[in-house]
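Chains A and B, in that order, are what the protein sequence lines are.
Using the numbering used here, read the first sequence as starting at 94 and increasing by one per residue.
Using the numbering used here, read the second sequence as starting at 94 and increasing by one per residue.
FYI, nobody ran anything at the bench for these hints, they're computed from the structure.
Certain hints may be false.
The list makes no distinction among identical chains, and a pair is therefore deemed to hold if it is satisfied within one copy or across any two copies.
Here are the computed lysine-lysine pairs in the DSSO-like style, where the Cα-Cα straight-line distance is at most 30 Å [to be verified]: (1) LYS430 x LYS153; (2) LYS266 x LYS442; (3) LYS442 x LYS212; (4) LYS266 x LYS335; (5) LYS335 x LYS212; (6) LYS212 x LYS452; (7) LYS153 x LYS276; (8) LYS212 x LYS276; (9) LYS212 x LYS266; (10) LYS266 x LYS452; (11) LYS430 x LYS442; (12) LYS266 x LYS153; (13) LYS335 x LYS504; (14) LYS478 x LYS452; (15) LYS478 x LYS266.
Given next are the chains, with one letter for each unit.
2 protein chains.
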Amino acid sequence: MTQPLRIALAGLGTVGSGVIRLLNENGAMIAQRAGRPISVVAVSARNRNADRGVDISPYKWVDNMADFGADSEVDCVVELIGGADGPALDLARNSLQHRKSVVTANKAMIAHHGMELAKIAENENVALKYEAAVAGGIPVIKGLRDGASANRVERVYGILNGTCNYILATMEKHGSAFDAVLKDAQDLGYAEADPSFDIDGVDAAHKLAILAALSFGTAVDFGNVEIAGIRHVLAADISQAKALGYRIRLLGMARIDGDRLFQRVNPYLVPESHPLAHIEGSTNAVVAEGNFSGRLMFQGAGAGDGPTASAVVADLIDIARGDCGTVFAVPADQMEKSECAESGNRTGKSYIRFIVADKPGVLAEITAAMRDANVSIESLIQTEKTDEGLVLISMVTHQSRERDVVQSLEKLSGSSSLQAEPMVMHLLSDED
Amino acid sequence: MTQPLRIALAGLGTVGSGVIRLLNENGAMIAQRAGRPISVVAVSARNRNADRGVDISPYKWVDNMADFGADSEVDCVVELIGGADGPALDLARNSLQHRKSVVTANKAMIAHHGMELAKIAENENVALKYEAAVAGGIPVIKGLRDGASANRVERVYGILNGTCNYILATMEKHGSAFDAVLKDAQDLGYAEADPSFDIDGVDAAHKLAILAALSFGTAVDFGNVEIAGIRHVLAADISQAKALGYRIRLLGMARIDGDRLFQRVNPYLVPESHPLAHIEGSTNAVVAEGNFSGRLMFQGAGAGDGPTASAVVADLIDIARGDCGTVFAVPADQMEKSECAESGNRTGKSYIRFIVADKPGVLAEITAAMRDANVSIESLIQTEKTDEGLVLISMVTHQSRERDVVQSLEKLSGSSSLQAEPMVMHLLSDED
Numbered sequence: 094m095t096q097p098l099r100i101a102l103a104g105l106g107t108v109g110s111g112v113i114r115l116l117n118e119n120g121a122m123i124a125q126r127a128g129r130p131i132s133v134v135a136v137s138a139r140n141r142n143a144d145r146g147v148d149i150s151p152y153k154w155v156d157n158m159a160d161f162g163a164d165s166e167v168d169c170v171v172e173l174i175g176g177a178d179g180p181a182l183d184l185a186r187n188s189l190q191h192r193k194s195v196v197t198a199n200k201a202m203i204a205h206h207g208m209e210l211a212k213i214a215e216n217e218n219v220a221l222k223y224e225a226a227v228a229g230g231i232p233v234i235k236g237l238r239d240g241a242s243a244n245r246v247e248r249v250y251g252i253l254n255g256t257c258n259y260i261l262a263t264m265e266k267h268g269s270a271f272d273a274v275l276k277d278a279q280d281l282g283y284a285e286a287d288p289s290f291d292i293d294g295v296d297a298a299h300k301l302a303i304l305a306a307l308s309f310g311t312a313v314d315f316g317n318v319e320i321a322g323i324r325h326v327l328a329a330d331i332s333q334a335k336a337l338g339y340r341i342r343l344l345g346m347a348r349i350d351g352d353r354l355f356q357r358v359n360p361y362l363v364p365e366s367h368p369l370a371h372i373e374g375s376t377n378a379v380v381a382e383g384n385f386s387g388r389l390m391f392q393g394a395g396a397g398d399g400p401t402a403s404a405v406v407a408d409l410i411d412i413a414r415g416d417c418g419t420v421f422a423v424p425a426d427q428m429e430k431s432e433c434a435e436s437g438n439r440t441g442k443s444y445i446r447f448i449v450a451d452k453p454g455v456l457a458e459i460t461a462a463m464r465d466a467n468v469s470i471e472s473l474i475q476t477e478k479t480d481e482g483l484v485l486i487s488m489v490t491h492q493s494r495e496r497d498v499v500q501s502l503e504k505l506s507g508s509s510s511l512q513a514e515p516m517v518m519h520l521l522s523d524e525d
Numbered sequence: 094m095t096q097p098l099r100i101a102l103a104g105l106g107t108v109g110s111g112v113i114r115l116l117n118e119n120g121a122m123i124a125q126r127a128g129r130p131i132s133v134v135a136v137s138a139r140n141r142n143a144d145r146g147v148d149i150s151p152y153k154w155v156d157n158m159a160d161f162g163a164d165s166e167v168d169c170v171v172e173l174i175g176g177a178d179g180p181a182l183d184l185a186r187n188s189l190q191h192r193k194s195v196v197t198a199n200k201a202m203i204a205h206h207g208m209e210l211a212k213i214a215e216n217e218n219v220a221l222k223y224e225a226a227v228a229g230g231i232p233v234i235k236g237l238r239d240g241a242s243a244n245r246v247e248r249v250y251g252i253l254n255g256t257c258n259y260i261l262a263t264m265e266k267h268g269s270a271f272d273a274v275l276k277d278a279q280d281l282g283y284a285e286a287d288p289s290f291d292i293d294g295v296d297a298a299h300k301l302a303i304l305a306a307l308s309f310g311t312a313v314d315f316g317n318v319e320i321a322g323i324r325h326v327l328a329a330d331i332s333q334a335k336a337l338g339y340r341i342r343l344l345g346m347a348r349i350d351g352d353r354l355f356q357r358v359n360p361y362l363v364p365e366s367h368p369l370a371h372i373e374g375s376t377n378a379v380v381a382e383g384n385f386s387g388r389l390m391f392q393g394a395g396a397g398d399g400p401t402a403s404a405v406v407a408d409l410i411d412i413a414r415g416d417c418g419t420v421f422a423v424p425a426d427q428m429e430k431s432e433c434a435e436s437g438n439r440t441g442k443s444y445i446r447f448i449v450a451d452k453p454g455v456l457a458e459i460t461a462a463m464r465d466a467n468v469s470i471e472s473l474i475q476t477e478k479t480d481e482g483l484v485l486i487s488m489v490t491h492q493s494r495e496r497d498v499v500q501s502l503e504k505l506s507g508s509s510s511l512q513a514e515p516m517v518m519h520l521l522s523d524e525d
């Protein structure tokens, strides 16, 4: 096994360049750990002449990356171009069909087409690895697939989007408004020019669907993730939550109840005693609760070229060592789609915030609606006008069925007392 | 590969019984994940008739566990009897020599004899796995060996002993004295009747030596771990540290500087902004800093039958899947013993606490000794008599060479102003 593992790199953005830099810098050590060298033999990207800070002249340049699949000098294709479909998917499918292992950082592709690709990989007896697709540099795919493998995991959840966590933690620290912090984050490069993919929760949902499949042995089911983002979180929500002993974090939460799968991305109120409450900045963290291990948490950088390259190359080392096991924890053809658990049946405490008109009777109207829907209120605060010029009523309910909370809000729908859609966030508990 | 992996269990204490319980409870799922069933075929322990809460009648009972090595019906021996030498070591050595894979939870044996055993395993091309030996249920061995494999790790450290963390966190919470908390911990079963192995840092040092070898590719070197425990930590130290923005935690800390290895177990002052400051109760956490991944942290239950069984069985699943790679991250015969880095050359901030006589001139004497040794003081507090009836002087130094701190204390040695040995703890920083 002293033949090098020959890889082709498709995509030379920051992550692709990071992989080259990593292999250059740590190459000797990696060869020792992998039992053989890992060598880039060919590269491809949209623009051959972009300045990448790494020298790509030693590698064969390929104009059409689709050619990697049939290239007999390539053992493994590293897909770093992104996008759920299109060239990335064509390349992955074609490479696997040509019995080449594939390593990818592409969460959208795995969330949408992971089952199809996994079946091809397992039929062809090659590897499909995607450590970098979830939580950047944190080895959580291996942690769940191999580290927690003895456990029935019933709940997996975490902070899966660094941009959102940065924004929420910064709003919390400075009491600033969402729009201002988002703008700063864009200026600093922590958020994209078009940030909707991150802040509306889609990115976290891709990752969550992958984690759920890996943890529960069910088919990847991105289509059934309930998704809400952080756009409507107010600074006042954060300070209100803080006064109650909670921090607001965007969580991806997946749970299996019998054969019903529940998946949700939503801002949650996380109790200060929970380790996720202390995850600051753009850090990511994933919690898995196993029936023997208890609560495991994996934490680290969720993005960035260095951490992502670290995850890509760890997958390459696995492949060089000969690990071509199942793509998820169990063979793909044994992974079945679960029924979707109805969120209305779930019970828990909720935080509900109303932006209300400054007039008499509003509180009576809201509390009557809650009562009529059987939602009992644990605590309630009506605040004076906020910095944003709004009058807010925030409450935390007692344990309630989510269906009842929704119904109480339906009763209020269209009321002239409300100046915006109410905001509902769930309180993270051991029961979620 | 549908032949079961046939295992023999040596030792049926809480962990051994936990392994049986886990395999009974999660067996079908494990067979799916491992690609084949994992079956206990034989067991052995000191007392055949102890009440263990699990039925051992389905398994062959073997009086002399040393016979497992030569048993042709056994593929893999699980050693759960403990002790660095004696029967555990004989069993592990003998089993590997008979080309049986070995899974162990025995940190003392790996810390003392890991290199010898790893060489036998690699020569015979069988697995030697020890996930359960470090940090209980947290998959940190796999996390470092496989997850962080692309990185040059220059520092690995963490909270490696749950008993100590429970005691320190409880002292912090209630302001209670070490002896009282230890006694409660013993009554609750969180500390052993003879707790010295835990509270004096030896247990953490075993784990640290293993983590260092795995992270740096150097030979396991338990003999060169500097060890101090938590016996002399006062409630006043904890409140003093807290006032300065720190929590006291017993850390194992290993660092490689060029080819010099530094390993220390010591109570540290951990800044509140560091994730380790928030590790409460008997939880363990390990931080690894990779040159591409950045800071990774793995956290979970560091002990207990369920978490430890989870780690043991994860190793068995690896073996059933056919992963018989190197024992550490690199082949054992390439792991060389590093020079030991002299701690005197290290620089950092230290917390020094004196118990002093209540008489004039003491402060002048201490500060003069510091000045003469070139140790500059950043902050200093002399407290009134504590609950324990002591007068304390606590200080934090500016960045100083550890050698100079030691020298300053030597100058004070034998002084009638001091009523006990001074206590030195280092401040955790990014430079440690």
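Failing hints, ascending?
1, 3, 5, 6, 7, 8, 9, 10 and 12
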